[in-house]
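Visitor: Chain by chain, the residues:
Number of protein chains: 2
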Amino acid sequence: MKLALIGYGKVARAFARLLEKKRASYPFRIVGAHTLRHGTAIDPKGLAADPVFGPPVASVEEFLDRTRAEVALELTTLNPESGEPAISHIRAAFARGQHVITSNKGPVAFAYAELRDEAARAGVMFRHEAAVMDGTPVFNLVRNNLPGVEIKGFAGALNSTSKVVVQSMLKGRSFEEGVEDARALGVAEADASFDTEGWDSAAKAAALANVLMDARLTPHAVDRRGIGRLTPERLALLKASGKTVVLVSRARRTPAGVKLRVRAEVLPADDLLAAMYGTSNLLILDTDLMGEIGVFTLQPGLKQTAYGLFSDLVDIARG
Amino acid sequence: MKLALIGYGKVARAFARLLEKKRASYPFRIVGAHTLRHGTAIDPKGLAADPVFGPPVASVEEFLDRTRAEVALELTTLNPESGEPAISHIRAAFARGQHVITSNKGPVAFAYAELRDEAARAGVMFRHEAAVMDGTPVFNLVRNNLPGVEIKGFAGALNSTSKVVVQSMLKGRSFEEGVEDARALGVAEADASFDTEGWDSAAKAAALANVLMDARLTPHAVDRRGIGRLTPERLALLKASGKTVVLVSRARRTPAGVKLRVRAEVLPADDLLAAMYGTSNLLILDTDLMGEIGVFTLQPGLKQTAYGLFSDLVDIARG
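Protein sequence lines, in the order shown, are assigned to chains Y and G.
Quick note, the first sequence lines up with residues 960 to 1278 if you use the working numbering.
Quick note, the second sequence lines up with residues 960 to 1278 if you use the working numbering.
Only chain Y is shown next, with the shape it has when bound in the complex:
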């Protein structure tokens, strides 16, 4: 199966290394990579993991045409306010009869229902396991393992920076020092307020709700409040009474539609949602037939995100 990669940053490189490792059992081949920064590399026989880039072709459309790939992987950087240009890249791939995998939450958070329907009309598949939980099976879990189940709501501890900031403040450091700690761990966005004010959690809530609950919402519809007002003093008081604070993304189905909320919630220190440190993430699904069921991954990083793309690829190859 031939693959075209739009974007070639850290996730793409980790994915290329994983493919090399698995080549014997899984004959996937990256035949093209295209980035604004490095240029374009195309080789029908397969690119090396560290490809030599030539000048960029004129457009993503031309790139996709020239690769003749069966699957396009959208791995560009997110514009958190619109989901573009990833959404346009995905549409360009659908128009060429190519399956699409993305690790980008933007398209799923901003335009899932349309993209899902366009993929169906084009007779191709659209997969995005790595977009919300770094490769933890959540979309594929519900699709493959929970047939006939209705998702009534969810609660997730999905943002890394806020966890690091709270944990630093619990050790007596200031909010700003906590943000520095998150930067040092490489988990904070360039603009850390994107994390601490709950935008990242809101985008993840919208993405999950759009896929699992057909919510047809965008991150702008999320009732959102971040951890910006938290102080080490307030956290110390909470800790003394056996409590802590977690930035939680919640969804629930109501007669008026799906409601999404992101809050810095005060929870018992031994709450399941409070048991996640650093990049660890956890999601509890509230379902009709299985009650409350959940998944988590401890300290995921690039390796897990790359695996999320790989698991989508195998799903497409099987299907």
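In case anyone wonders, no lab produced these hints; they're calculated from the structure.
Computed from a prediction, not measured in an experiment: that's the story for all the values here.
Any given hint might turn out to be false.
If several chains are the same, the list does not tell them apart, and a pair holds so long as it fits within one copy or across any two.
[Stated by the list, open to error] Taking lysine-lysine pairs in the BS3-like style, the calculated list, with each CA pair at most 25 Å apart, reads:
id: 1; residue 1: K1004; residue 2: K981
id: 2; residue 1: K1218; residue 2: K1111
id: 3; residue 1: K1262; residue 2: K1111
id: 4; residue 1: K1130; residue 2: K1202
id: 5; residue 1: K981; residue 2: K1262
id: 6; residue 1: K1004; residue 2: K980
id: 7; residue 1: K1111; residue 2: K981
id: 8; residue 1: K980; residue 2: K1111
id: 9; residue 1: K961; residue 2: K1262
id: 10; residue 1: K969; residue 2: K981
Since the structure of chain Y is provided, determine the placement of chain G on it from the hints.
Guide: Coordinates of chain G only, in the frame set by chain Y:
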């Protein structure tokens, strides 16, 4: 798809109710039920959820022949020391070209590799999602969503009675009162020492390791120590230092093969494995490509076990 049920207790009844609810989308039909206690009921047009039983046919073999079912569900009571008679029932179904689903951990804990190979030779499927974690996707999670992943080990809080006993003792009740609490909740086995001495946890460890790690072990190979020596006084001391006790099933791959261990482990009170109450169960898988990843279900009961059977059935119908 026509189903034959061997055993017709609480799980079978919950499963029959679930099938009735899902009839419109999933055309599965129970055409036979056979129990030592109630007798045999066979109707090619489908049994009612509360079927009228006639006298028992002479054997499970005769029952399976007469139902002409495509799938046999093995739902009898476990003999914890051998996995029989469930193993023989499953073999009888394979010999008739019938797929098998069981909610019984015995066959998976005592004879998984042989049964898997026999199913392959017979060209049928063998599924057992409900056998270890009440329907929480674990076997299907690894099979469907973690392609190419090697399971290097696991740690699970899988036994309900021991959780209830520890939680009761933390409230100052005695060990015996804790066992009574577990009985009142309907989670303790008839012989509660089966739970408290770690036999249940050992059977679950062997079942998981046999399927996920090709361990080819039985529960007798598990290095096992239960919670029998715990006292409310010891727990009170641990609690004062922020700790608790959890009966944990662990596996790890070593150069000398897979090692299995069940222990009453002293853990921090906010440990993930300690966050499960009552029947809630949680499993952490240690993997090569996804690091540490896990699943849990909060307070599952018959409904979830019945759904585990259903999810296996859909998997067979798809496959």
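Visitor: None of the hints should be skipped; say for each whether it holds.
Guide: Structure-based check of each hint:
In this assembly of identical chains, the alpha carbons of K1004 and K981 lie at most 25 Å apart only when taken from the same copy (17 Å versus 49 Å across copies). Only within a single protomer do K1218 and K1111 lie at most 25 Å apart by alpha-carbon distance; the minimum there is 11 Å, versus 40 Å between protomers. Only between protomers do K1262 and K1111 lie at most 25 Å apart by alpha-carbon distance; the minimum there is 16 Å, versus 31 Å within a single protomer. Taking identical chains as interchangeable, the C-alpha atoms of K1130 and K1202 lie at most 25 Å apart whether they share a chain (14 Å) or sit on different chains (20 Å).
In this assembly of identical chains, the alpha carbons of K981 and K1262 lie at most 25 Å apart only when taken from the same copy (14 Å versus 39 Å across copies). In this assembly of identical chains, K1004 and K980 lie within 25 Å of each other by CA distance solely inside one copy; the values are 17 Å within and 52 Å between copies. Taking identical chains as interchangeable, the C-alpha atoms of K1111 and K981 lie at most 25 Å apart only when they sit on different chains, with a minimum of 17 Å there against 37 Å within one chain. With identical chains, the CA atoms of K980 and K1111 are at most 25 Å apart between copies only, with a shortest distance of 18 Å across copies and 39 Å within one.
In this homomeric assembly, K961 and K1262 come within 25 Å of each other (Cα to Cα) only inside a single copy, at 21 Å, whereas the closest approach across copies is 44 Å. In this assembly of identical chains, the alpha carbons of K969 and K981 lie at most 25 Å apart only when taken from the same copy (19 Å versus 45 Å across copies).
In terms of the numbered hints stated before, the structure departs from none.
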